[in-house]
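Chain by chain, the residues:
There are 2 protein chains.
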Amino acid sequence: MFEAGAVLKKEFGEEAVFDFSLGNPDLEPPESFSNVLRSFAEKPFSGMHGYMSNAGFDETRDAVASFLSLEQGVSITGSHIIMTCGAGGALNIALKTLMNPGDRVLAQAPCFMEYKFYTENHSGRFEMIPPNEDLDLDIDALERAIDRRTAAIIINSPNNPTGRVYSEKTIRELSSMLERKEREIGRAVYLICDEPYRKIAFDGVTVPSVLRLYRNTLVATSYSKDLSIPGERIGWLAVHPEADDSENIVNGAVLCNRILGYVNAPALMQRVVGKIPGAAVDVSRYQSRRDMMMEGLSAIGYEFQKPSGTFYLFPKVPGGDDLAFVDALKDERILTVPGRGFGAPGYFRIAFCVPERTITDSMKGFNRVFRKFMG
Amino acid sequence: MFEAGAVLKKEFGEEAVFDFSLGNPDLEPPESFSNVLRSFAEKPFSGMHGYMSNAGFDETRDAVASFLSLEQGVSITGSHIIMTCGAGGALNIALKTLMNPGDRVLAQAPCFMEYKFYTENHSGRFEMIPPNEDLDLDIDALERAIDRRTAAIIINSPNNPTGRVYSEKTIRELSSMLERKEREIGRAVYLICDEPYRKIAFDGVTVPSVLRLYRNTLVATSYSKDLSIPGERIGWLAVHPEADDSENIVNGAVLCNRILGYVNAPALMQRVVGKIPGAAVDVSRYQSRRDMMMEGLSAIGYEFQKPSGTFYLFPKVPGGDDLAFVDALKDERILTVPGRGFGAPGYFRIAFCVPERTITDSMKGFNRVFRKFMG
Numbered sequence: 001m002f003e004a005g006a007v008l009k010k011e012f013g014e015e016a017v018f019d020f021s022l023g024n025p026d027l028e029p030p031e032s033f034s035n036v037l038r039s040f041a042e043k044p045f046s047g048m049h050g051y052m053s054n055a056g057f058d059e060t061r062d063a064v065a066s067f068l069s070l071e072q073g074v075s076i077t078g079s080h081i082i083m084t085c086g087a088g089g090a091l092n093i094a095l096k097t098l099m100n101p102g103d104r105v106l107a108q109a110p111c112f113m114e115y116k117f118y119t120e121n122h123s124g125r126f127e128m129i130p131p132n133e134d135l136d137l138d139i140d141a142l143e144r145a146i147d148r149r150t151a152a153i154i155i156n157s158p159n160n161p162t163g164r165v166y167s168e169k170t171i172r173e174l175s176s177m178l179e180r181k182e183r184e185i186g187r188a189v190y191l192i193c194d195e196p197y198r199k200i201a202f203d204g205v206t207v208p209s210v211l212r213l214y215r216n217t218l219v220a221t222s223y224s225k226d227l228s229i230p231g232e233r234i235g236w237l238a239v240h241p242e243a244d245d246s247e248n249i250v251n252g253a254v255l256c257n258r259i260l261g262y263v264n265a266p267a268l269m270q271r272v273v274g275k276i277p278g279a280a281v282d283v284s285r286y287q288s289r290r291d292m293m294m295e296g297l298s299a300i301g302y303e304f305q306k307p308s309g310t311f312y313l314f315p316k317v318p319g320g321d322d323l324a325f326v327d328a329l330k331d332e333r334i335l336t337v338p339g340r341g342f343g344a345p346g347y348f349r350i351a352f353c354v355p356e357r358t359i360t361d362s363m364k365g366f367n368r369v370f371r372k373f374m375g
Numbered sequence: 001m002f003e004a005g006a007v008l009k010k011e012f013g014e015e016a017v018f019d020f021s022l023g024n025p026d027l028e029p030p031e032s033f034s035n036v037l038r039s040f041a042e043k044p045f046s047g048m049h050g051y052m053s054n055a056g057f058d059e060t061r062d063a064v065a066s067f068l069s070l071e072q073g074v075s076i077t078g079s080h081i082i083m084t085c086g087a088g089g090a091l092n093i094a095l096k097t098l099m100n101p102g103d104r105v106l107a108q109a110p111c112f113m114e115y116k117f118y119t120e121n122h123s124g125r126f127e128m129i130p131p132n133e134d135l136d137l138d139i140d141a142l143e144r145a146i147d148r149r150t151a152a153i154i155i156n157s158p159n160n161p162t163g164r165v166y167s168e169k170t171i172r173e174l175s176s177m178l179e180r181k182e183r184e185i186g187r188a189v190y191l192i193c194d195e196p197y198r199k200i201a202f203d204g205v206t207v208p209s210v211l212r213l214y215r216n217t218l219v220a221t222s223y224s225k226d227l228s229i230p231g232e233r234i235g236w237l238a239v240h241p242e243a244d245d246s247e248n249i250v251n252g253a254v255l256c257n258r259i260l261g262y263v264n265a266p267a268l269m270q271r272v273v274g275k276i277p278g279a280a281v282d283v284s285r286y287q288s289r290r291d292m293m294m295e296g297l298s299a300i301g302y303e304f305q306k307p308s309g310t311f312y313l314f315p316k317v318p319g320g321d322d323l324a325f326v327d328a329l330k331d332e333r334i335l336t337v338p339g340r341g342f343g344a345p346g347y348f349r350i351a352f353c354v355p356e357r358t359i360t361d362s363m364k365g366f367n368r369v370f371r372k373f374m375g
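The listed protein sequences correspond, in order, to chains A and B. Numbered per the numbering used here, the first sequence spans residues 1 to 375. Numbered per the numbering used here, the second sequence spans residues 1 to 375.
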């Protein structure tokens, strides 16, 4: 996707391409990030860029744990945090640790397709639960899909691509269902919460803490979206201290960090994020873009859910053919992603982490293609 | 190992522990590194920490390719370079790209044991050729081990743990043997050269370019040792432009960078290393430590090969029981690694990337344990 955009921009000029295809945040990192990075760069010290434990620097792990405990009303210490190469690294070490070969991992569509690769990297089988009408968690369908080979369920809230924040009620229902199924099948079913968008939530919405509601929980996240530093590959994995086999999972994840070749999360970025717990970009700017995007598309006639978080909008495709629709948008130099890329054909994803002008200037094209597909 | 050292240092004090267990370079990064890092930190620009192509920034890939072409007398462009999460990342994406499940990967002992994990991560079978008397490449034994399932051979020169630089004659013999075997078995047998110590070579020794001598070559490396930044996880993979399936290998490796969850090499470090091709720490300091270490251990009676590179020495264990010997050294608070950790029982590894005082102050302990085992 990165390359496709680059090719078009080279041909038509940066201004003439409306690239909504990538979750590459365009806001600058918060000032605190840049200040702390500069202060490390200006006063280097011995071992600043050296190896540390594969789990990360103790100071950073402790800082993450303190903030997490405060933010989510849980009690977790640095010994249950593993610093990782972004959320991608966190998910891979979690999956390699939790699965035996042939084990199954479930996720609710629409969701990030890399989950499938990440599961298969470690000889697991990935299964996607088809989307329901509301694009919400389908607890019954998940329940039916769980069997004795099910090692984990990945959930992602705020959700890429829908922007939905699963409600506390839904998480409680999920949690009760999982506890019941665990007793039934006689094994732990871990919930892996992929939460890189936790801080990108709108209208005062609070993202429920899954750690507080379900014991067998692992949280995977990154600073990519919070701090607008996706290229730096820095994130963490948290293991619930009371999860079944909690110590083994932590030790396994640390070992996997090493043997999967990540070795450790990048040192300098660990040092920086450890100094600025809770820092985030100005989320109100994403909220105002969401509002602009929604207003423009509604006026045309597009249908969608109002995103409570992330910087994605996931409208229905008029007529339902998402591939043809995304192709037609591309002819208008509007780049988006077909819903089937998230297991939800009939929709398409717009990433609105782009300048305001890109949003306003794209509306003519969105209108023309809508008219064409509404016949 | 990192943890074991930390525990002892906590108990006895930093000064009283002689930690030769880790390849964690103690020299500071070169000034050029710190200067470039500072200049980026002081003048941040839009997108500095953002996503780029999974292969890395074009400027960095081009800079790596230019330097590599010059250094090794080969002709390679940025399109054959993939920026990676250190050499660990480079080896993993190379192995996942080259192997079908069940394929075999060979390496000559003594070698880095992570090769086994890296191979098994991607459902391959790892086989280690036992060490010969000279601790050199055993071309005949390698030849006997190659069969139709052999996808690749990993070699590491300068070698961890021996410090040996394989000679050009040896590489030429290896290359001829491989070409012959390829014709015989009807498949490419790729040579993966793990070269993080290329710039740490002593006495004016030149490390032969395998890229110049064998077409089916991939080079994996990192800046960890050159620049003393092992915690930053920055390196690259180069694919010989004329290797069989060269384009597919590059594309596969880029895809694997993404789906293995590395996504891309850390952005800021890519930017920094792209500006300082060829920069390295002052290698003469490692050479003088090597000389101190060799002098001290020779005088006691230890036997070893003179390392031509790296910061490792790999002496024979008096009596041959490397586990017992390393344990006895530990009682003297001298931390080393048993040879069987590299597939070569009867030896032990000393990492001399430590302050000079650690070397001199450890000699009494090395002497006592030697006397005890010579009994």
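In short, the hints are calculated from the structure, not lab data. Heads up, the beta-carbon is just placed ideally off N, CA and C, and yes, glycines get one too. Among these hints, one or two may not hold up.
Covered stretches of chain A, going by a simulated chain B footprint (3 or more residues, C-beta under 8 Å) [what the hints assert, rightly or not]:
hint	stretch
1	157 to 163
2	168 to 177
3	289 to 301
Here are the simulated lysine to aspartate or glutamate pairs, EDC-like style, with alpha carbons at most 16 Å apart [to be verified]:
hint	chain 1	residue 1	chain 2	residue 2
4	B	LYS181	B	GLU143
5	A	LYS43	B	GLU28
6	B	LYS316	B	GLU133
7	A	LYS364	A	GLU15
8	B	LYS43	A	GLU42
9	A	LYS43	B	GLU42
10	A	LYS43	B	GLU31
11	B	LYS10	A	ASP58
12	A	LYS372	A	ASP327
13	B	LYS43	A	GLU15
14	A	LYS10	B	ASP58
15	A	LYS330	A	GLU15
> Holds or violated: LYS364/A with GLU15/A, Cα cutoff 16 Å?
Replying inline: The given pair, whose Cα atoms are some 15 Å apart, holds under the 16 Å limit.
> Taking a Cβ-Cβ distance under 8 Å as contact, does the stretch 157 to 163 of chain A have three or more residues in contact with chain B?
Replying inline: Contact hint for the stretch 157 to 163 of chain A vs chain B: violated, 0 residues under 8 Å.
> Given the hint that LYS43/A pairs with GLU31/B, does the C-alpha gap stay at or below 16 Å?
Replying inline: holds (13 Å)
> Given the hint that LYS181/B pairs with GLU143/B, does the C-alpha gap stay at or below 16 Å?
Replying inline: Holds, at roughly 8 Å.
> Within the stretch 289 to 301 of chain A, is the number of residues with a Cβ closer than 8 Å to a Cβ of chain B three or more?
Replying inline: The restraint on the stretch 289 to 301 of chain A is violated, since only 0 of its residues have a Cβ under 8 Å from chain B and three are required.
>> Need the status of pair LYS330/A, GLU15/A: alpha-carbon distance at most 16 Å?
In response: holds (15 Å)
> Are LYS10/A and ASP58/B close enough, with their CA atoms no more than 16 Å apart?
Replying inline: OK: LYS10/A and ASP58/B at ~14 Å, within 16 Å.
> Would the pair LYS43/A and GLU28/B pass a check requiring their Cα atoms to be no farther apart than 16 Å?
Replying inline: holds (13 Å)
> Does LYS43/B pair with GLU15/A here, judged by a C-alpha cut-off of 16 Å?
Replying inline: The given pair, whose Cα atoms are some 25 Å apart, is violated under the 16 Å limit.
> Are there at least three residues in the stretch 168 to 177 of chain A whose beta carbon sits under 8 Å from a beta carbon of chain B?
Replying inline: violated (count 0)
> Is the hinted pair LYS10/B and ASP58/A satisfied, with a Cα-Cα distance of at most 16 Å?
Replying inline: With Cα atoms ~14 Å apart, LYS10/B and ASP58/A stay inside 16 Å; holds.
>> LYS372/A and ASP327/A were given as a pair; does the straight-line alpha-carbon distance stay at or below 16 Å?
In response: Holds: LYS372/A and ASP327/A sit about 13 Å apart, inside 16 Å.
Hints 1, 2, 3 and 13, counting from the list given before, are not met by this structure.
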